[in-house]
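**Student:** Quick mapping for you: the protein sequence lines, in order, are chains A and W. Per my numbering, the very first residue in the first sequence carries number 151; after that it's consecutive. Per my numbering, the very first residue in the second sequence carries number 38; after that it's consecutive.
Accuracy of the hints is not assured; some may be wrong.
[To be verified] Heads up, simulated EDC-like pairs for lysine to aspartate or glutamate below, C-alpha to C-alpha not over 16 angstroms straight-line: (1) A/Lys183 / W/Asp56; (2) A/Lys180 / W/Asp56; (3) W/Lys220 / W/Glu174; (4) W/Lys102 / A/Glu193.
[Unchecked claim] Sample of chain W residues lacking proximity to chain A, with all beta carbon distances greater than 12 angstroms (derived): (5) Asn65; (6) Lys110; (7) Trp114; (8) Arg131; (9) Asn154; (10) Gln163; (11) Asp167; (12) Arg180; (13) Asn217; (14) Thr230.
[To be verified] Residues from chain W that face chain A, not an exhaustive set, calculated with beta carbons under 10 angstroms: (15) Tyr52; (16) Ile75; (17) Thr85; (18) Asp87; (19) Gln90; (20) Ile94; (21) Ile97; (22) Thr104.
Just so you know, the hints here were simulated from the structure itself, not pulled from any lab data. Since the structure is predicted, the reported quantities are computational estimates derived from the model, not experimental observations. Every residue gets a Cβ at the ideal spot worked out from N, C-alpha and C, and that includes glycine.
Next come the chains, spelled out residue by residue.
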Amino acid sequence: MEKLYSKKQKKCKLVQAKPETIDFLLSYSKSLKVTKTNGMTFESNLN
Amino acid sequence: MEQVQIDDPVLIQRYIKGDERALASLINRHNQRISSFIYSKVNDRGITEDIFQDTFIKVIRTLKKGTYNEEGKFLPWVMRIAHNLIIDHFRKNRRMPMYKGGDSFNIFSVMGDDKLNIEGQIIKDQIDCDLTALIEELPVDQREVLVMRIYKDMSFKEISENTGVSINTALGRMRYALINLRKIISENNIVLTN
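So that you can see chain W by itself, here it is in the shape it has in the complex (with noise of 0.2 angstroms):
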């Protein structure tokens, strides 16, 4: 038996009389044409979905509150609801990008966790316990300079004024107290790695 097919401006009509069948017929005639462009726009079956599903949502309100408006024809319409929809989800992944992996990319490939594992912390908290005492022997002066440099983590304009002697001699001090620490280290045949 041959099929009429009912134009999509009258199941409009019906649907917002009030026939809900109408409405059936209408998203199962669109439905692979809408499914698809939001497809190959999002490349996700899920995302897909919920697209679609946010699109007929709005179709729904807009024709239940009767402001659908005939001028323009029925699916270039919804597409242009769905065009938008996919747009904000971009923008919204654009704020919070999130990354999935799959068969061929696994995302722990280009992305770590940076603490260190417990013997690389071990070693570190070694390496910081020898370094502190190889600069107690260090003399006075250029212990200061480092001190605030790197453990205070002050500028040598700081430094300057907290010792109360002039940026270049900080500088100098620092410098001496770096080649003292290697010399100190060599001498001694330290290994310091991590």
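Chain A with its partners taken away, still in its complex shape (with noise of 0.2 angstroms):
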């Protein structure tokens, strides 16, 4: 049988972030806290 040297093509992949990242990512947006105080902000992480 012949030998094929192509390579195959990348094949463009649609992945899709888990759903886990996706709770971690808004619980830290719920707990995160910004203060903002005479020109200053502040931010506080509240568990």
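Assemble the dimeric complex from its two separately framed chains, guided by the hints.
**Tutor:** This is the structure in structure tokens:
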């Protein structure tokens, strides 16, 4: 059988972030609190 | 029932005002495009997840701080953040390359432990021992030069300074030392292998 030297073309694969990652981001968003006082910005993470 | 698609700027405004569900809609809406974009560059699911997460952490912080401006569109902005993080990832990996083995590629085929095994070590010790005995057989002046050059790693200039002979004499003694060693080895049928 003849040998094929051509490389397989890379297929464009569609992927999605896992639900766990999204859950983490949503929880992070809920816990993050940004406070601004006298021109200063404070970030606090409340778990 | 037909679902009404709320535009990105509206969702962003809602999120800034405190509606956390708006963020979920934004993430779910753009999840596939951003993840696929990252995956097309890094080609690894785990790294894709990491960069996706870091991208949205930056998005969340910027939105919460109120520093996001509506000049650009949301998706190109997020894509730009992801793109920068991908560049950071490759920069970091260039400094600390990490090789992973896979089904088609085994890292140990290109990387090895250059230490000798026990048998090789015993043979090497034996050869070293035999060679030391052979060197003892050499005339003193030749032995002196050979020991300084090979065992003490001195240059011929240093050897000539130490022995009080010229560099050419030292070179000549080294040459004769090696010739004589070979002669002793072949005359006595000594086999030195490793």
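**Student:** Now tell me, hint by hint, if it's right for this structure.
**Tutor:** Consistency of the hints with the structure:
no. : hint                : result
1   : A/Lys183 / W/Asp56  : 13 angstroms, holds
2   : A/Lys180 / W/Asp56  : 10 angstroms, holds
3   : W/Lys220 / W/Glu174 : 11 angstroms, holds
4   : W/Lys102 / A/Glu193 : 9 angstroms, holds
5   : Asn65               : 7 angstroms, violated
6   : Lys110              : 20 angstroms, holds
7   : Trp114              : 16 angstroms, holds
8   : Arg131              : 22 angstroms, holds
9   : Asn154              : 38 angstroms, holds
10  : Gln163              : 48 angstroms, holds
11  : Asp167              : 51 angstroms, holds
12  : Arg180              : 59 angstroms, holds
13  : Asn217              : 56 angstroms, holds
14  : Thr230              : 41 angstroms, holds
15  : Tyr52               : 8 angstroms, holds
16  : Ile75               : 8 angstroms, holds
17  : Thr85               : 6 angstroms, holds
18  : Asp87               : 9 angstroms, holds
19  : Gln90               : 5 angstroms, holds
20  : Ile94               : 6 angstroms, holds
21  : Ile97               : 5 angstroms, holds
22  : Thr104              : 9 angstroms, holds
Against the hints set out earlier in the document, a violation occurs for number 5 only.
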